[in-house]
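Enquirer: All chains, full assembly: derive it from the sequences and hints.
Chain residues, written in single-letter form:
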Amino acid sequence: MQLTGTQFTNTTAVFGNDFATLPDYPAEIRAPAGTLAGVSSFQVNFGDERIYTPGDQPDVLVAMNPAALKVHLHDLRDNGVLIVNEDAFTEGNLSKAGFKSNPLEDGSIKGYQLFSIPITKMTLEALKDSPLKNKDRERCKNFYALGVLLWLYHRPLTVTTEWIETKFKKKPDLVEANITALKTGYHFGETTEMFQVSYEIAPTKRKPGTYRNITGNEALARGLAAASKITGRPLFLGSYPITPASDILHELSTFKNFRVHTFQAEDEIAGACSAIGASFAGALAVTTTSGPGIALKGEALGLAVMTELPLVIINVQRGGPSTGLPTKTEQSDLNQALYGRHGESPMCVLAARSPGDCFYMGIEAFRIATKYMCPVLLLTDGYLANGAEPWRIPEASEIPKFEVKMAQPELAEGGFLPYKRDPNTLARPWAIPGTPALEHRIGGLEKAADTGNVSYDPANHEAMVRTRQAKVEKIVQEIPPLEITGEKSGKLLVVGWGGTYGSIQAGVRRAQQKGLSVSSVHIQHLNPLPPDLGEIMGRFEKILVPELNLGQLRNLLRATYLVDAQGLNKIKGLPFRAVEILEKIEEMLG
Amino acid sequence: MSEEAVKLDRKDFVSDQDVRWCPGCGDYSILAQVQKVLPELGIARENFAFISGIGCSSRFPYYMNTYGFHTIHGRAPALASGVKIANPNLQVWVITGDGDGLSIGGNHLIHALRRNMDLKILLFNNEIYGLTKGQYSPTSEMGKKTKSTPMGSVDYPIQPVPLALASEATFVARTVDTNPKHLAEMLRRAADHKGSAIIEIYQNCVIFNDGAFKDVTDRSVRDDMSLILEDGKPMIFGKDSDKGIRIRGTKLEVVQLGDGVSESDLLVHNESDPDPALSMLLSRMHAPEYPVPLGVIRAIRRPAYHEMLLDQEEEAVQKKGVGEIRDLLMDSETWTVQ
Numbered sequence: 000m001q002l003t004g005t006q007f008t009n010t011t012a013v014f015g016n017d018f019a020t021l022p023d024y025p026a027e028i029r030a031p032a033g034t035l036a037g038v039s040s041f042q043v044n045f046g047d048e049r050i051y052t053p054g055d056q057p058d059v060l061v062a063m064n065p066a067a068l069k070v071h072l073h074d075l076r077d078n079g080v081l082i083v084n085e086d087a088f089t090e091g092n093l094s095k096a097g098f099k100s101n102p103l104e105d106g107s108i109k110g111y112q113l114f115s116i117p118i119t120k121m122t123l124e125a126l127k128d129s130p131l132k133n134k135d136r137e138r139c140k141n142f143y144a145l146g147v148l149l150w151l152y153h154r155p156l157t158v159t160t161e162w163i164e165t166k167f168k169k170k171p172d173l174v175e176a177n178i179t180a181l182k183t184g185y186h187f188g189e190t191t192e193m194f195q196v197s198y199e200i201a202p203t204k205r206k207p208g209t210y211r212n213i214t215g216n217e218a219l220a221r222g223l224a225a226a227s228k229i230t231g232r233p234l235f236l237g238s239y240p241i242t243p244a245s246d247i248l249h250e251l252s253t254f255k256n257f258r259v260h261t262f263q264a265e266d267e268i269a270g271a272c273s274a275i276g277a278s279f280a281g282a283l284a285v286t287t288t289s290g291p292g293i294a295l296k297g298e299a300l301g302l303a304v305m306t307e308l309p310l311v312i313i314n315v316q317r318g319g320p321s322t323g324l325p326t327k328t329e330q331s332d333l334n335q336a337l338y339g340r341h342g343e344s345p346m347c348v349l350a351a352r353s354p355g356d357c358f359y360m361g362i363e364a365f366r367i368a369t370k371y372m373c374p375v376l377l378l379t380d381g382y383l384a385n386g387a388e389p390w391r392i393p394e395a396s397e398i399p400k401f402e403v404k405m406a407q408p409e410l411a412e413g414g415f416l417p418y419k420r421d422p423n424t425l426a427r428p429w430a431i432p433g434t435p436a437l438e439h440r441i442g443g444l445e446k447a448a449d450t451g452n453v454s455y456d457p458a459n460h461e462a463m464v465r466t467r468q469a470k471v472e473k474i475v476q477e478i479p480p481l482e483i484t485g486e487k488s489g490k491l492l493v494v495g496w497g498g499t500y501g502s503i504q505a506g507v508r509r510a511q512q513k514g515l516s517v518s519s520v521h522i523q524h525l526n527p528l529p530p531d532l533g534e535i536m537g538r539f540e541k542i543l544v545p546e547l548n549l550g551q552l553r554n555l556l557r558a559t560y561l562v563d564a565q566g567l568n569k570i571k572g573l574p575f576r577a578v579e580i581l582e583k584i585e586e587m588l589g
Numbered sequence: 000m001s002e003e004a005v006k007l008d009r010k011d012f013v014s015d016q017d018v019r020w021c022p023g024c025g026d027y028s029i030l031a032q033v034q035k036v037l038p039e040l041g042i043a044r045e046n047f048a049f050i051s052g053i054g055c056s057s058r059f060p061y062y063m064n065t066y067g068f069h070t071i072h073g074r075a076p077a078l079a080s081g082v083k084i085a086n087p088n089l090q091v092w093v094i095t096g097d098g099d100g101l102s103i104g105g106n107h108l109i110h111a112l113r114r115n116m117d118l119k120i121l122l123f124n125n126e127i128y129g130l131t132k133g134q135y136s137p138t139s140e141m142g143k144k145t146k147s148t149p150m151g152s153v154d155y156p157i158q159p160v161p162l163a164l165a166s167e168a169t170f171v172a173r174t175v176d177t178n179p180k181h182l183a184e185m186l187r188r189a190a191d192h193k194g195s196a197i198i199e200i201y202q203n204c205v206i207f208n209d210g211a212f213k214d215v216t217d218r219s220v221r222d223d224m225s226l227i228l229e230d231g232k233p234m235i236f237g238k239d240s241d242k243g244i245r246i247r248g249t250k251l252e253v254v255q256l257g258d259g260v261s262e263s264d265l266l267v268h269n270e271s272d273p274d275p276a277l278s279m280l281l282s283r284m285h286a287p288e289y290p291v292p293l294g295v296i297r298a299i300r301r302p303a304y305h306e307m308l309l310d311q312e313e314e315a316v317q318k319k320g321v322g323e324i325r326d327l328l329m330d331s332e333t334w335t336v337q
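Chains as they are written, first to last, in numbering that gives the first Met the number 0: chain A, 0 to 589; chain B, 0 to 337.
Hints may contain errors.
What the hints assert, rightly or not - Pulled a few chain B residues facing chain A out of the computed Cβ check, cut under 10 Å:
| no. | residue |
| --- | --- |
| 1 | Gln16 |
| 2 | Ala77 |
| 3 | Ser80 |
| 4 | Ala190 |
| 5 | Gly259 |
| 6 | Val260 |
Stated by the list, open to error - Once the Cα atoms are required to be at most 20 Å apart in a straight line, the calculated SDA-like pairs of lysine to any residue come out as:
| no. | chain 1 | residue 1 | chain 2 | residue 2 |
| --- | --- | --- | --- | --- |
| 7 | A | Lys166 | A | Val403 |
| 8 | A | Lys228 | B | Val316 |
| 9 | A | Lys473 | A | Ser252 |
| 10 | A | Lys487 | A | Tyr455 |
| 11 | B | Lys10 | A | Ala436 |
| 12 | B | Lys318 | A | Lys473 |
| 13 | A | Lys490 | A | Leu561 |
| 14 | A | Lys206 | B | Trp334 |
| 15 | B | Lys6 | A | Ala436 |
| 16 | B | Lys318 | A | Thr253 |
| 17 | A | Lys206 | B | Met329 |
| 18 | B | Lys319 | A | Thr253 |
| 19 | B | Lys10 | A | Ala411 |
| 20 | A | Lys400 | B | Arg325 |
| 21 | A | Lys228 | B | Asn64 |
| 22 | B | Lys10 | A | Pro435 |
| 23 | A | Lys228 | B | Trp334 |
| 24 | A | Lys400 | A | Pro240 |
| 25 | A | Lys120 | A | Ala32 |
| 26 | A | Lys370 | A | Lys487 |
| 27 | A | Lys228 | B | Thr145 |
| 28 | B | Lys319 | A | Ser252 |
| 29 | A | Lys419 | B | Val316 |
Claimed, not checked - Across the chosen pairs, the derived CB separations fall in these ranges:
| no. | chain 1 | residue 1 | chain 2 | residue 2 | range |
| --- | --- | --- | --- | --- | --- |
| 30 | B | Ser271 | A | Ala458 | 56 to 66 Å |
| 31 | B | Met329 | A | Lys168 | 18 to 28 Å |
| 32 | B | Ser271 | A | Gly231 | 49 to 59 Å |
| 33 | A | Asp456 | B | Ala31 | 48 to 58 Å |
| 34 | A | Asp74 | B | Lys319 | 50 to 60 Å |
| 35 | A | Leu444 | B | Pro87 | 21 to 31 Å |
| 36 | B | Val316 | A | Lys490 | 56 to 66 Å |
| 37 | B | Gly231 | A | Lys168 | 51 to 61 Å |
| 38 | A | Asp74 | B | Pro302 | 38 to 48 Å |
| 39 | B | Pro302 | A | Glu402 | 27 to 37 Å |
| 40 | A | Leu444 | B | Val153 | 52 to 62 Å |
These are computed hints drawn from the structure, not numbers from a lab.
We put the beta carbon where it would ideally sit given N, CA and C, even for glycine.
Expert: In structure tokens form, the structure reads like this:
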């Protein structure tokens with residue numbers, strides 16, 4: 000189902016529509032088909048105007064079995080198009096999904112345009128001459144369904160047929176069968192009089208340029224590799240597989256011709272530690288994981304803070320605590336990112352706001368880490384990581400440039416001081432092994448100022464703790480003014496962070512169209528916070544902070560600015576729907 | 000590494016920091032031998048990196064005037080792996096102890112070894128936790144009475160050398176802090192090895208476990224209780240070189256030379272035998288039934304991790320050319336908006 004959804008998205012992209020997707024699948028690799036737990040779904044929202052979210056209520060739902068119908072029917076808008084594979088509504092499947100009788104026959108589906116199609120039967124019939132085994136023929140039914148949808152939306156078949164030809168190049172029988180199923184579905188849509196309407200959506204008006212479809216994980220991997228090309232330093236990734244972050248490891252592993260070193264470590268701790276070692280040795284070092292992995296890396300991150308080495312840590316957040324909801328999205332690791340270490344251990348924290356933004360935030364994380372010589376933790380989430388959007392490919396001139404300066408042997412004159420700081424950034428020099436005359440020792444024990452020697456001196460400890468904190472605070476000078484969506488002052492300001500950007504934008508714009516006095520800002524720098532945030536909040540009567548957690552940013556804003564920020568909090572493993580934001584705005588302004 | 004011959008001496012490797020180990024600690028001897036051997040290797044000083052974990056032994060990098068990193072408990076092999084991959088020109092040494100390397104860091108140790116990561120790992124084994132003041136360690140003998148085991152420990156100890164062999168280490172040796180000449184020779188051998196090298200060093204903790212190895216290392220007994228392994232030579236030991244090791248079936252036995260047993264009946268040490276079976280048998284010889292083998296127990300050549308990684312990168316560059324930012328962005332279907 001994920002594959003079918005991706006193909007529809009690609010076709011949509013090439014056709015020039017804007018879109019946003021929400022893949023939703025079980026954590027189990029092969030959860031039993033037909034059960035409620037085994038439902039895998041893929042939601043795509045597209046249109047001829049700017050799309051911010053995967054859509055609140057789909058216009059069309061395709062349910063390939065009773066379980067899918069049960070889980071997702073309530074998502075469909077009133078009078079929406081419901082396409083079902085009637086062949087899958089067998090007694091066994093109905094009972095697995097908990098239906099007492101067949102909803103296609105008992106009249107319980109009301110208020111939708113139901114199209115019950117024998118998808119399996121027609122797929123098998125179309126493939127009766129195929130040399131494939133029956134089981135493999137049946138698998139082609141998803142392409143049949145895709146064919147119906149492509150017809151419904153007047154989409155060309157070529158994007159998918161070309162993809163099938165490449166994907167199954169070595170299995171010509173599969174190529175033929177899948178294409179036949181696809182075309183049969185398409186022709187069914189065309190010839191049947193079942194559908195009263197079919198949708199025609201014109202290409203979206205967008206900024207001129209070259210576009211591609213990109214997920215957050217793909218964009219992030221490319222941003223990290225780009226940082227390596229920009230600076231001329233090799234990229235090192237130390238990582239341990241974890242959902243939903245593993246795709247960053249997979250992507251970077253294919254960039255060997257960029258001299259990207261990927262190291263699949265024995266555990267999360269080794270992923271972080273190997274990256275710290277690589278940073279010590281002069282690489283742009285990154286470790287990628289999700290919440291539970293960050294918990295394991297915590298001690299190593301303290302070491303990175305103490306040794307003041309540049310390191311990028313990526314947390315693709317998922318539902319927690321513990322194993323939680325591995326394949327679902329959440330924003331519940333903000334507190335962990337800000338505070339989840341022992342001792343006074345300040346950490347620069349960033350958050351990406353859209354799949355394409357992950358590219359730029361990957362670069363930004365390395366820019367700050369190397370300029371200030373400190374670890375930088377970048378938060379994304381499962382929704383950004385797997386969700387896709389059309390992304391305008393930046394021109395070379397639009398890609399940020401920055402330099403990384405390594406300490407040179409001349410620094411040794413008069414004795415090398417590995418903890419002597421740049422007054423503007425408080426960064427210490429990055430002196431890498433292999434550089435003559437700069438031999439020095441670092442470690443987790445408290446450092447004496449300047450020399451970096453071990454020091455147990457009480458006054459020195461306090462001075463160093465305050466200096467490490469001051470250094471992170473200095474990063475505030477890197478943060479551009481916040482973009483305000485809407486008026487610069489008014490009744491309500493919606494403050495968001497991270498992957499909720501799209502939903503908040505859509506919800507706020509709808510409220511603005513209704514004439515409500517509401518604006519929004521979106522925070523990408525969470526520590527330090529943007530310098531103008533407090534002043535902007537002061538221009539509004541009320542503050543709303545929508546978050547996919549119990550209010551972690553809200554508490555931070557209340558503590559930092561003494562503002563009466565209100566929360567909209569959802570912890571369902573799913574992104575906000577724009578209408579949820581809208582309803583909360585209306586409630587607060589009502 | 001530098002092409003020019005580098006002329007350095009011991010003093011070049013002594014840092015300006017005061018050494019803070021207890022007087023009489025075995026660590027002093029190891030530090031002295033490392034500082035003696037490094038200048039002989041012809042490697043520029045800036046190309047050495049010493050990485051340690053936590054514990055008494057892990058203070059080692061502070062005393063070496065090289066690049067050094069005193070990391071966190073147990074993680075030195077993981078951190079050192081990152082150093083080596085990021086800069087393969089460096090000679091990377093890992094300093095660890097029995098608690099650091101075999102307890103909290105056991106996982107990292109076995110994986111660094113099996114990957115044939117080109118690290119020189121010195122495992123200071125004193126069979127006790129020193130820095131935390133005297134709890135039993137994973138190598139302490141069963142029944143050991145310590146602060147945390149007042150009635151004696153009920154843990155079976157782990158044996159570093161069999162563990163290293165089982166982890167596919169390509170160089171495994173054992174030596175003692177009280178035999179500087181042998182210790183120096185093992186350090187040289189490890190330095191020359193390309194791949195994962197581990198040396199178990201019996202190291203005396205004068206405060207919490209004094210004399211732990213005296214049954215093997217004391218001047219009065221050491222010739223009879225240790226077997227110095229030499230590649231290609233029969234396994235002979237004893238004050239009068241009159242005892243040897245023979246194999247019977249799958250068991251090793253100690254034999255007295257003479258009385259119908261001659262040198263030709265003895266096992267001949269073959270450190271580069273691709274089959275690790277004999278190394279494993281040797282590694283399980285313990286006092287008092289057997290003399291304890293010292294020396295290079297296994298040394299074989301296999302491609303090291305960084306060599307294979309760099310080969311793959313080179314192959315990718317040959318096939319696809321050096322990647323540029325444009326390639327990162329354009330590697331998918333695209334469409335143009337006018």
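Enquirer: Each hint: holds or not?
Expert: Right, here's what the structure says about each hint:
The restraint placing Gln16 (chain B) at the interface with chain A holds, with a minimum CB-CB distance near 7 Å, inside the 10 Å limit. Taken as an interface hint, Ala77 (chain B) checks out: its beta carbon lies about 4 Å from the nearest beta carbon of chain A, inside 10 Å. Below 10 Å, beta-carbon pairs count as interface contacts, and Ser80 (chain B) has one with chain A at about 5 Å; its hint therefore holds. A least Cβ separation of about 16 Å between Ala190 (chain B) and chain A goes past the 10 Å threshold, and the interface hint is therefore violated.
Proximity of Gly259 (chain B) to chain A is violated relative to the hint, the smallest CB-CB distance being about 52 Å (cut-off 10 Å). Proximity of Val260 (chain B) to chain A is violated relative to the hint, the smallest CB-CB distance being about 47 Å (cut-off 10 Å). Distance check on the hinted pair: Lys166 (chain A) and Val403 (chain A) sit about 41 Å apart at the alpha-carbon level, beyond 20 Å; violated. With a C-alpha separation of about 15 Å, the suggested pair Lys228 (chain A) and Val316 (chain B) falls inside the 20 Å cut-off, and the hint holds.
For the given pair, Lys473 (chain A) sits about 34 Å from Ser252 (chain A) by alpha-carbon distance, which is inconsistent with the 20 Å threshold. Between the alpha carbons of Lys487 (chain A) and Tyr455 (chain A) the distance comes to roughly 51 Å, so the proposed pair goes past 20 Å and is violated. The straight-line distance between the Cα atoms of Lys10 (chain B) and Ala436 (chain A) is roughly 15 Å, inside the 20 Å bound, and the hint therefore holds. A C-alpha spacing of about 44 Å is found between Lys318 (chain B) and Lys473 (chain A), which places the hinted pair above 20 Å, so the restraint is violated.
For the given pair, Lys490 (chain A) sits about 18 Å from Leu561 (chain A) by alpha-carbon distance, which is consistent with the 20 Å threshold. Using a Cα cut-off of 20 Å, the hinted pair Lys206 (chain A) and Trp334 (chain B) holds, with the two alpha carbons roughly 12 Å apart. Proposed proximity of Lys6 (chain B) and Ala436 (chain A) is supported: the alpha carbons are some 15 Å apart, at most 20 Å. Of the supplied pair hints, the one linking Lys318 (chain B) and Thr253 (chain A) holds, its CA atoms being roughly 13 Å apart against a limit of 20 Å.
At roughly 18 Å between alpha-carbon atoms, Lys206 (chain A) and Met329 (chain B) fall within 20 Å of each other, so this suggested pair holds. For the suggested pair Lys319 (chain B) and Thr253 (chain A), the alpha carbons sit about 11 Å apart, so the restraint of at most 20 Å is met. Taken as a hint, the Lys10 (chain B) and Ala411 (chain A) pair is honoured in the structure, with Cα atoms around 18 Å apart against an allowance of 20 Å. Using a Cα cut-off of 20 Å, the hinted pair Lys400 (chain A) and Arg325 (chain B) holds, with the two alpha carbons roughly 15 Å apart.
At roughly 33 Å between alpha-carbon atoms, Lys228 (chain A) and Asn64 (chain B) are farther apart than 20 Å, so this suggested pair is violated. In summary, the hint linking Lys10 (chain B) to Pro435 (chain A) is supported, as the alpha carbons are separated by about 16 Å, within the 20 Å threshold. With a C-alpha separation of about 25 Å, the suggested pair Lys228 (chain A) and Trp334 (chain B) falls outside the 20 Å cut-off, and the hint is violated. With a CA separation close to 31 Å, the supplied pair Lys400 (chain A) and Pro240 (chain A) exceeds the 20 Å bound.
With a C-alpha separation of about 18 Å, the suggested pairing of Lys120 (chain A) with Ala32 (chain A) holds against the 20 Å cut-off. Note on Lys370 (chain A) and Lys487 (chain A): the hinted pairing is violated, with a Cα-Cα distance of about 32 Å set against a maximum of 20 Å. With a CA separation close to 55 Å, the supplied pair Lys228 (chain A) and Thr145 (chain B) exceeds the 20 Å bound. A hinted pair counts as satisfied when its Cα atoms are at most 20 Å apart, and Lys319 (chain B) with Ser252 (chain A) qualifies at roughly 14 Å.
Note on Lys419 (chain A) and Val316 (chain B): the hinted pairing is violated, with a Cα-Cα distance of about 39 Å set against a maximum of 20 Å. In this structure the supplied range 56 to 66 Å holds for Ser271 (chain B) paired with Ala458 (chain A), their Cβ-Cβ distance being about 57 Å. Checking the proposed 18 to 28 Å range against Met329 (chain B) and Lys168 (chain A) shows it holds: the Cβ atoms sit about 22 Å from each other. As the Cβ distance of Ser271 (chain B) to Gly231 (chain A) is approximately 41 Å, the hint placing it in 49 to 59 Å is violated.
Asp456 (chain A) and Ala31 (chain B) have their C-beta atoms about 30 Å apart, which leaves the hinted 48 to 58 Å range violated. Take Asp74 (chain A) and Lys319 (chain B): their Cβ atoms lie about 43 Å apart, and the range 50 to 60 Å is violated. As the Cβ distance of Leu444 (chain A) to Pro87 (chain B) is approximately 29 Å, the hint placing it in 21 to 31 Å holds. At roughly 59 Å, the beta carbons of Val316 (chain B) and Lys490 (chain A) sit within the given window of 56 to 66 Å.
About 55 Å separates the C-beta atoms of Gly231 (chain B) and Lys168 (chain A), a value consistent with the hinted range of 51 to 61 Å. In this structure the hint that Asp74 (chain A) and Pro302 (chain B) lie 38 to 48 Å apart at CB is violated, the actual value being about 54 Å. Checking the proposed 27 to 37 Å range against Pro302 (chain B) and Glu402 (chain A) shows it holds: the Cβ atoms sit about 36 Å from each other. A hinted range of 52 to 62 Å is violated for the C-beta pair Leu444 (chain A) and Val153 (chain B), which are about 34 Å apart.
Checked against the numbered hints above, the structure violates hints 4, 5, 6, 7, 9, 10, 12, 21, 23, 24, 26, 27, 29, 32, 33, 34, 38 and 40; every other hint is satisfied.
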